[in-house]
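Colleague: If you read the sequences in order, they're chains A and B. Using numbering that gives the first Met the number 0, the letters of the first sequence map in sequence onto residues 0 to 365. Using numbering that gives the first Met the number 0, the letters of the second sequence map in sequence onto residues 0 to 128.
Bear in mind the hints are in silico, worked out from the structure with no lab data behind them. Computed from a prediction, not measured in an experiment: that's the story for all the values here. Where a beta carbon is used, it is the ideal one built from N, C-alpha and C, also for glycine. Hints should not be assumed to be uniformly reliable.
What the hints assert, rightly or not - Below, computed lysine-lysine pairings styled on DSSO-like, alpha-carbon distance capped at 30 Å:
hint: 1; chain 1: B; residue 1: K101; chain 2: A; residue 2: K321
hint: 2; chain 1: A; residue 1: K338; chain 2: A; residue 2: K354
hint: 3; chain 1: A; residue 1: K16; chain 2: B; residue 2: K10
hint: 4; chain 1: A; residue 1: K235; chain 2: A; residue 2: K321
hint: 5; chain 1: A; residue 1: K275; chain 2: A; residue 2: K77
hint: 6; chain 1: A; residue 1: K118; chain 2: A; residue 2: K282
What the hints assert, rightly or not - Quick partial rundown of chain A residues pointing at chain B, CB under 7 Å, derived from the structure:
hint: 7; residue: T28
hint: 8; residue: V32
hint: 9; residue: A225
hint: 10; residue: T314
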Amino acid sequence: MIKKTPLYRKHLELSAKMVDFAGWNMPVTYSGVIEEHLAVRNSVGIFDVSHMGEIDIKGEEVIPFLQYILVSDISGMKEGDVSYSLMCLPNGGIVDDLLVYKISDKYFMLCVNASNKDKDLAWITDHSGDYNVGVIDKSEATALISLQGVKSANILTEISDLDISSVRHNNFRFGKVAGAEAMISRTGYTGEDGFEIFFKAEDAEMVWGAMMSAGEKYGIKPIGLAARDTLRLEMKYTLYGNDISDKTNPVEAGLSWAVGFDKEDFIGRDILIEEKKNGPQRKLVGFELLERGIPRAHYAIYADGRMVGEVTSGTHSPSLNKGIGLAYIDTDYAKVGSKIEVEVRRHMVKGEVVKTPFCSGSLKRD
Amino acid sequence: MEFPDDLLYTKEHEWIRVVGDTAVIGITDYAQSQLGDIVYTELPDIGTEFAPGNAFSVVESVKTVSDIYSPITGTIEEVNDNLESSPEQINAEPYTGGWIVKMTISNADELEKLLSPEEYESLVNEESH
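Working from the sequences, and respecting the hints, build out all of it.
Modeller: Below, the structure written as structure tokens:
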């Protein structure tokens with residue numbers, strides 16, 4: 000059964016092109032991927048990401064439990080903090096990447112990928128036996144709207160009772176949005192200043208409508224999955240299933256910054272410490288094409304006449320107007336400035352490993 | 000969605016305008032709307048021969064790659080060079096400024112196998128429902 004978000008009717012009203020993604024019927028484009036992408040980079044866009052999973056974890060031992068199943072060290076998190084983390088297998092492969100929300104010392108929420116939600120829930124529950132915690136999947140009852148771009152704070156200020164300027168980046172607070180109880184998180188997947196707002200599914204159409212009305216003067220546009228992908232790719236934000244998976248580990252994926260190597264114990268610890276010490280054989284890097292062409296996932300990468308890697312995500316960058324991609328490349332060739340060739344269907348196209356993010360969003364511009 | 004009535008069509012969503020011995024070929028309004036923003040085209044060399052079903056061009060949108068197949072047997076006479084710098088012409092004007100190639104028609108009988116505007120329109124209606 001394909002699931003529909005509480006905003007399904009809104010997408011049809013807006014004549015979105017719909018696709019099935021991770022078991023959900025989701026909008027892939029509305030007005031066009033480039034126009035949507037640039038609206039977020041230049042002003043503001045609104046995304047329905049209600050397909051994402053929300054899992055509450057509560058109880059006396061929630062902190063030791065999360066310290067064990069997550070690779071990051073959450074001991075320093077304060078109430079209202081949001082933190083990026085991952086869950087790994089004992090062999091270091093990635094179960095999922097996620098955001099951790101600290102509501103109190105005994106109450107956290109995890110926001111996980113839609114495509115992994117059922118797997119995550121089983122993984123979390125299976126490992127919770129030795130801890131005094133309760134695990135509640137509240138995904139179905141929760142709507143999630145992402146408002147991204149320099150004008151996002153203006154819109155929220157207009158329709159929320161919270162002092163939005165008091166919500167700092169990677170923080171969240173509870174408040175009302177258009178009269179509905181909401182959890183307002185200053186986070187996103189675009190590189191822009193922005194917010195992810197959680198609320199009850201039954202309030203979704205009303206909240207969406209209020210944001211669209213308040214955003215009209217800024218030229219707000221609804222954004223589909225296609226532009227969500229190009230926006231995150233320009234920032235080198237990894238996508239589970241493309242750039243990371245149970246066959247890749249956080250060290251080679253460039254996510255060591257999210258690993259608490261000094262923690263006493265956590266799933267995957269030994270192998271990640273080993274990988275960090277020895278250095279990974281391959282690294283996830285960003286590259287751009289120096290000639291016309293668009294890289295796509297699974298294209299082969301060559302250097303010195305031999306295959307040295309494979310593209311995991313690729314697209315035409317609407318901001319830079321050129322082909323960009325992410326790839327695992329043998330460490331010898333993974334340095335910024337390394338010349339590579341990408342096999343684009345029948346021919347070789349010259350490229351270069353570049354610094355990432357590929358361009359700067361408002362988070363960096365400010 | 001437009002289906003100009005002076006054109007012939009294929010199941011693979013190409014259109015063909017017959018002008019004397021020449022076939023002008025492009026992709027349909029429906030095809031461009033399905034692909035989304037087109038950002039890259041790969042065009043064949045003039046003088047190359049193609050048979051029905053041979054891929055003669057590649058059109059890429061931000062999201063996806065699509066081969067364009069020759070609807071007939073023929074030789075490339077001319078390609079739309081404007082598409083190199085302005086591939087979005089295919090989105091804006093799929094039936095006019097967004098044409099892709101002109102081919103000499105080697106075997107006029109093959110044109111009879113192509114779809115009429117009415118046949119193509121009903122095919123699209125089926126696909127999109």
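Colleague: Each hint needs a verdict: does it hold in this structure or not?
Modeller: Okay, the hints, checked on the actual structure:
1. K101/B with K321/A: holds, 28 Å
2. K338/A with K354/A: Satisfied, since the Cα-Cα distance of roughly 13 Å is no more than 30 Å.
3. K16/A with K10/B: holds, 21 Å
4. K235/A with K321/A: holds, 15 Å
5. K275/A with K77/A: holds, 28 Å
6. K118/A with K282/A: Within the cut-off at roughly 26 Å; holds.
7. T28: holds, 6 Å
8. V32: At about 5 Å, which falls below the 7 Å cut-off, the nearest Cβ of chain B leaves the hint on V32/A intact, so it holds.
9. A225: At 5 Å from the nearest chain B Cβ, A225/A passes the 7 Å test, so the hint holds.
10. T314: holds, 6 Å
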